[in-house]
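Respectively, the protein sequence lines represent chains A and B. Taking this note's numbering, I'd label the letters of the first sequence as residues 42 to 276. Taking this note's numbering, I'd label the letters of the second sequence as residues 42 to 276.
Be a bit skeptical, because a hint or two may be false.
Copies of the same chain look alike in the list, so a pair counts if it fits in one copy or across any two.
[Claimed, not checked] With a straight-line cut-off of 16 Å between C-alpha atoms, the simulated EDC-like cross-links for lysine to aspartate or glutamate are: (1) K178 with E68; (2) K213 with E196; (3) K258 with E148; (4) K258 with E83.
Please keep in mind that the hints were generated in silico from the structure rather than gathered at the bench.
Number of protein chains: 2
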Amino acid sequence: MTRPPLNRLDESLLTPLPPFSRLERSEIRAILDQAVSRRVEEGATVFHEGAPADRFFLLLDGTIRVIRVTATGEHVTALHIPAGQLFGIAPALGKDHYPATAQAASEALMLSWPARLWPRFAALDGFTTETYATVGKRLGEINDRIVEMATLAVEQRVANALARLVNQTGRKVEGGIEIGFPLTRQDLSEMTGTTLHTVSRLLSAWEKDGIVSSRRKHVTVTDPHRLVVLGQRRG
Amino acid sequence: MTRPPLNRLDESLLTPLPPFSRLERSEIRAILDQAVSRRVEEGATVFHEGAPADRFFLLLDGTIRVIRVTATGEHVTALHIPAGQLFGIAPALGKDHYPATAQAASEALMLSWPARLWPRFAALDGFTTETYATVGKRLGEINDRIVEMATLAVEQRVANALARLVNQTGRKVEGGIEIGFPLTRQDLSEMTGTTLHTVSRLLSAWEKDGIVSSRRKHVTVTDPHRLVVLGQRRG
DNA sequence: CAGCATCTTTGCGCTGGCTCAAATCTCGGG
DNA sequence: CCCGAGATTTGAGCCAGCGCAAAGATGCTG
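Turn these sequences into a full structure, and let the hints steer you where they fit.
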């Protein structure tokens, strides 16, 4: 990412790692010759959320923290990468931008390669040909939910869950958009990590405000815009 | 899954769907001839968490709810699948068992194919050859965290986060296992969706109980077993 | 080795959301 | 058309954990 390969990277860097251990010396050589090594200090950022995902990384030493920052500035740590693992493999998921920020939790040493070399890597693990735009998208959505659970209050989580269902399965009906399948308070609570009681109270309040209208097992959103606002605002 | 292909599945089932719309009629025919169709009623289970993942599915109509059940019997809805989407694609992730349970949120109609046909599907989306054991594993871990955030109290989440870090980066030191990188209370709070104050109080209490010992930016787990117990128990 | 930035601990009051409990409503089935 | 199971609403009390505030501890820097 910063400078060209050092004099020459030592093959012993990769030899002990699982994916590479079975390879011929010459193959390892070829891979290393394409790699760029980089050392970063504790706290330094390796790549930023939203930046073009032009490289993927292999962590040789140290620990990487993968974080996301919410609209209100809170940090949520999505996962930690221990030495020996790949990270920043957004290219593999059909994404052209990194979905999160990676920073060094300790001083770290890593190799990286341009995204276009990914397919060559993929074969190493002995896996099959697969399509993963779907998977990448789903992974992103799940990640969003972690952030949501970590930073939002119950009311906002329920509002967002409802908004998501409207987008996925909503049908236009008179007076709003109806969720396209039977949905109980209990169901909504299981989607948002709360209780059916709380969901019931929320829906009642929203109904009073003209945002939703519901009958047994059915929810219609009458004011989608205000629902979305509920999901984002603080307070 | 239940019965052999009907008389003959109609090509118009697939024609309107994005991945298939570009295919020749003969190709669609070939795909359909391998498919099994199935109709399930509201509330019925399509496959159970932990069952051998021998098939993958395409939802033609209705909505599927993907849920996980915790050790204490609570249900957490991981995601909803709208009509037109694939689901149960565990085979694609290198998994041989379904990681969650799929049940019909409404009466649903679906097609399914044996797992071994997955590669043929994969090519449709126009994606590249990729390896995804890594991705599949990571997706599973993230999913676990959603369940955790939804069902566990703060103390349990922090205990689990610590246990995870010990497994990933722990080094044996005298008197226990030390997390292998600098870790502040703030860091732990960002991993678990709580505040540094609460984390501090928890660590103090645990230190008093001889479960952990910590100095500035470093945490050593002195009694891993009890830590794990803390992460699972209720109360 | 003194100063300072950062990290950690601790107290206190408040409240969102859970638990427990019970009444009421809705709809499909007989 | 009546009954019962499941769904929904609503009340009351309680407490885990947050927000706010401030003091202490630790380790790096010059």
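Status of the hints after comparison with the structure:
For the identical chains of this complex, K178 and E68 are neighbours neither inside a copy (32 Å) nor across copies (27 Å), given an alpha-carbon limit of 16 Å. In the homo-oligomer, the alpha carbons of K213 and E196 never lie at most 16 Å apart, since the shortest distance is 24 Å inside one protomer and 44 Å across protomers. In the homo-oligomer, the alpha carbons of K258 and E148 lie at most 16 Å apart only across protomers (14 Å), although the nearest pairing inside one protomer, at 54 Å, exceeds that limit. Taking CA atoms no more than 16 Å apart as the test, K258 paired with E83 passes between copies only; the shortest distance there is 12 Å, against 52 Å inside one copy.
The structure does not agree with the numbered hints 1, 2 stated previously, though it agrees with the rest.
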